[in-house]
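Starting from the known structure of chain V, fit chains L and Z onto it as the hints suggest.
Note that the protein sequences, when read in sequence, are chains V, L and Z.
Just so you know, the first sequence maps onto residues 1 to 250 in this note's numbering.
Just so you know, the second sequence maps onto residues 251 to 539 in this note's numbering.
Just so you know, the third sequence maps onto residues 540 to 886 in this note's numbering.
Be aware that one or more of the hints could be misleading.
From chain V, some residues computed to sit far from chain Z (all C-beta separations above 12 Å) [to be verified]:
| # | residue |
| --- | --- |
| 1 | G9 |
| 2 | S11 |
| 3 | R76 |
| 4 | T84 |
| 5 | D113 |
| 6 | A114 |
| 7 | G151 |
| 8 | A191 |
| 9 | D207 |
Residues on chain V that point at chain Z, a partial pick, calculated with CB under 7 Å [stated by the list, open to error]:
| # | residue |
| --- | --- |
| 10 | A28 |
| 11 | R32 |
| 12 | L105 |
| 13 | G109 |
| 14 | R117 |
| 15 | R120 |
| 16 | F187 |
| 17 | Y243 |
I should point out that these hints are in silico values taken from the structure, not numbers from a laboratory.
Note that CB positions come from ideal geometry on N, CA and C, so glycine has one too.
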Amino acid sequence: MTDVLQVDGLSRSFGALHVTRDVSLRLAPGARTALIGPNGAGKTTLVNLISGSLKASSGTIRFQGRDVSSLDQAARARMGLVRTFQVTRLFRAMTVADNVRLAVLQRQGSAFDAWRRVARMGALQQEVQRVLHLLRLEDRAARRVESLAYGEQRLVEIALALAMQPALLLLDEPAAGVPQGESEVIFDALAQLPGEMAVLLIEHDMDLVFRFARHIVVLVAGAVLTEGSAADVANDERVRKLYLGKAAHA
Amino acid sequence: MALLASILIDSLAYGMILFIISVGLSITLGLMRFVNLAHGVFAAAGGYAAIFIAGQLGAGYELAALLAVLLVAAISLPLEAVFVRRLYRRSQLDQVLFTIGLVFIGMASVGLLFGNSLAPITLPTYLQGSIDIGFRVIPRQRLAALIVGLLVLGLLHWLLTRTRFGVEVKATVDLPQASEALGIRTSRVYSLAFALGAGLAALGGIVGAELMPIDPYYPLKYLVAFLAVVSVGGAASPPGLLAAALLLGGIETTAKYFASSYASLLFYLTMLAVLTWRPEGLFGRKEAR
Amino acid sequence: MRSLRNLLPEAALLLAGIAVFFVVPDDLGLATRVVIGALFALSLDLVLGYAGIVTLGHAAMFGVGAYAAGVFAVRVWGEPISGLLVGAAAGAAIAWISGKLVLRSHGLTSVMITLAVAQVLLEVASKWTSVTGGDDGLSGIAVQPLLGLFEFDFMGRTGYLYALVVLVLCFGLLRRVVASPFGLACVGIREDRGRMAALGYDVPRQMSIAYAMGGAFAGVAGALSAQITQVVGLSSLGFAHSADVLVMLVLGGTGRLWGALAGTVVFMLVHHAAANVDPFRWMLMIGVMLVVVVMALPGGLSGAAVRLWSVLLGRGRGTPATPTSPKPRAGSSDAAGEPPRLGEVTP
Chain V
1 MTDVLQVDGL SRSFGALHVT RDVSLRLAPG ARTALIGPNG AGKTTLVNLI SGSLKASSGT
61 IRFQGRDVSS LDQAARARMG LVRTFQVTRL FRAMTVADNV RLAVLQRQGS AFDAWRRVAR
121 MGALQQEVQR VLHLLRLEDR AARRVESLAY GEQRLVEIAL ALAMQPALLL LDEPAAGVPQ
181 GESEVIFDAL AQLPGEMAVL LIEHDMDLVF RFARHIVVLV AGAVLTEGSA ADVANDERVR
241 KLYLGKAAHA
Chain L
251 MALLASILID SLAYGMILFI ISVGLSITLG LMRFVNLAHG VFAAAGGYAA IFIAGQLGAG
311 YELAALLAVL LVAAISLPLE AVFVRRLYRR SQLDQVLFTI GLVFIGMASV GLLFGNSLAP
371 ITLPTYLQGS IDIGFRVIPR QRLAALIVGL LVLGLLHWLL TRTRFGVEVK ATVDLPQASE
431 ALGIRTSRVY SLAFALGAGL AALGGIVGAE LMPIDPYYPL KYLVAFLAVV SVGGAASPPG
491 LLAAALLLGG IETTAKYFAS SYASLLFYLT MLAVLTWRPE GLFGRKEAR
Chain Z
540 MRSLRNLLPE AALLLAGIAV FFVVPDDLGL ATRVVIGALF ALSLDLVLGY AGIVTLGHAA
600 MFGVGAYAAG VFAVRVWGEP ISGLLVGAAA GAAIAWISGK LVLRSHGLTS VMITLAVAQV
660 LLEVASKWTS VTGGDDGLSG IAVQPLLGLF EFDFMGRTGY LYALVVLVLC FGLLRRVVAS
720 PFGLACVGIR EDRGRMAALG YDVPRQMSIA YAMGGAFAGV AGALSAQITQ VVGLSSLGFA
780 HSADVLVMLV LGGTGRLWGA LAGTVVFMLV HHAAANVDPF RWMLMIGVML VVVVMALPGG
840 LSGAAVRLWS VLLGRGRGTP ATPTSPKPRA GSSDAAGEPP RLGEVTP
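Pulled out of the complex, with its shape left as it was, chain V reads as follows (with noise of 0.2 Å):
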């Protein structure tokens, strides 16, 4: 079976600032793959670079067999290769049913379609409708995004992104930010995610990631330190000394 992401030595640099560093990955369907590594380390770039907010100085991205290297986000974002933000990017002043229509619409063709009144797309109420219910944001549909709290509007951030059915899931600290009472809800949605869906998980919240993850990319000052299984990463000798003293986020 096809890879759905094959990165081969994907390079960034900002002049003499080299931000990403010959960096190589895969991900088969259904891959769940965390990406850790210390503050600064370029996850956030990698994922500007997969998701293509950002041109690779250098490298290929291959998605589901095909070379996205000089596509932009968007085009990627319509064939299945989606982010999620680290700091929220919703629609703040929209309603949390309208931030994921704008999801929905896109991905049933009808972002042009200038005619047909929302309020009447049956087809497209009822996804919206599934996709709330997935998680479990039914009750919040039509509250403001800015009036919810920050931990629903980090799950409105991942029903944007399941709206979108993507084959490839780039998830950038899902968990940030939101106080310790309500990150067990982003681990519940995040456990129900479809099976086939490749998902690549940044994190700090080590808890979540040895929860989730069955492969582990380490990344160091923009390249790859090391990866492997759970257990693997977590008896390296580097990866502990780069975690020596930090205890899993309580």
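Relative to chain V, chains L and Z alone:
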């Protein structure tokens, strides 16, 4: 040859005046990301203030000019503190709307106070009439404008490269939050930069009064010229601004010599051409959005 | 019946317009200008209020539509409805082409380009005297009777009703667009272009289409003006015209469609009443008004009305409204109103 020299001198003079007036607008845009369509009001205010001071208080030209510049700069400070500061974080549309409102208020106030006609300042003898520089006779005021422009350029260069203020300005333009963290009081930088820009605009208005006569409609009439120069030059880039001012000023002046009714058209076409080719301006930096 | 209930706003507008017809039969010239202005403001609302494209040169589409319809009537065919279509096509074409330049940039640059395009067109119109009549303008536009039946009388009755019907139809069309997926996408783009791109939207293309649509409706307004006043002047392309329509829209409130209607009516009536006043006083009024709206009245008159309504109904902060302007900078703490709930209530 004499014609070429004439065009050159006139272009330089016009370009210099545009530069002096627009510097403030360029800095405000680059530093505070604030679109100030009312910038021309400072220039006109400078002219009117000088006339008033010279007329009512009987001051000489130089003194009136100096006082007018200082007055405009001084008034700009509370304006910035009270109104402009609230708009930094508002949307671009809000800034545009607000400053258009200011332009209208400014023009109306001047018109109601001073009437519709021009009241030219009495120039001192050394600025009156023309001077023969060999191949051409050029109005002394125009030559003065050129000289003042060069002085302003020198002043800015000194300010930006040799003073602490200049360093703070450049730092704040590049990385506002980091600058705050480093202890630079960005609000103070903004105020001073705003006042500097306003004062320079007033100076430009006074010195350029021969080429760009001052009347109540001045801020609106020349608004597009100032904005054009700033957007073509690239925000917060004095060299870029100078290049743009000379380019646009030059093209319009040259056109006036050969096909005066096409001067405006060429001005706008040049602006469109440059902005299409380089949307961030000749010397602007590409914003990473 | 649901479909009839949906047409309530259009019906209300039509009835209001007809009432005016009977109430002020001697002032139909002014009333017609208000109707045309309202259509122009509606077209700008789509571009600015919904898609978030700031323009200081919207008069370009109006003027081009006016000249196109005028020239069409004089040289090709005097039938009015086809003249409207010509105006719409001209406005849309100019918007589509200039949109390529305008939408590639952002910030001051893009606003300057909108201005420059309008100015260039004005200069061209001024020089191209054989077609446009130059500084004297295009005159002698005689239009055939509407639908072959209704002659354009010099009392302006046919003209007014014609303009009114066109306004109501366009209003209905725009309401439809705004309630559609495309309309929702425009709002999304206004709020956060980058997020829309991350959702897979072809943002440049969406914006081009919105800009062109706005151009089409502006072109229709221009065509109406040409056909009814029978004259087209350079001022239709001028900066003052672009600034006026912007002020009208902002005064009424962006992003709500009916705000454009309210703003136009208020602005033009006040302008008419103040016509004898010193132009400087008028300028002062507009200036103060703009400053007040920006500082204290987000959402303009319609925003204030909506807030008042919800307070009267004791609903507190529930009712949706729209921001005056495209999304404020990230991190700002002022919440300038609320959005229309596009999936549920159509304005």
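Against the structure, the hints:
1. G9: For G9 of chain V, whose nearest Cβ neighbour in chain Z is about 25 Å away, the distance exceeds 12 Å, so it holds.
2. S11: Given that every Cβ of chain Z is farther than 12 Å from that of S11 of chain V, nearest at about 23 Å, it holds.
3. R76: violated, 8 Å
4. T84: violated, 9 Å
5. D113: violated, 5 Å
6. A114: Since the minimum Cβ distance to chain Z is about 4 Å, A114 of chain V lies within 12 Å and the statement is violated.
7. G151: holds, 20 Å
8. A191: Non-interface label on A191 of chain V holds, nearest chain Z Cβ at 24 Å vs cutoff 12 Å.
9. D207: holds, 28 Å
10. A28: violated, 23 Å
11. R32: Status violated, d = 22 Å.
12. L105: holds, 5 Å
13. G109: Since chain Z brings no Cβ nearer than about 9 Å to G109 of chain V, farther than 7 Å, the hint is violated.
14. R117: Status holds, d = 5 Å.
15. R120: It is violated, given that the least Cβ distance between R120 of chain V and chain Z is near 9 Å, above 7 Å.
16. F187: violated, 24 Å
17. Y243: Where the cut-off is 7 Å and the nearest Cβ of chain Z is about 31 Å from Y243 of chain V, the hint is violated.
Violated hints for the displayed structure, listed by number in ascending order: 3, 4, 5, 6, 10, 11, 13, 15, 16 and 17.
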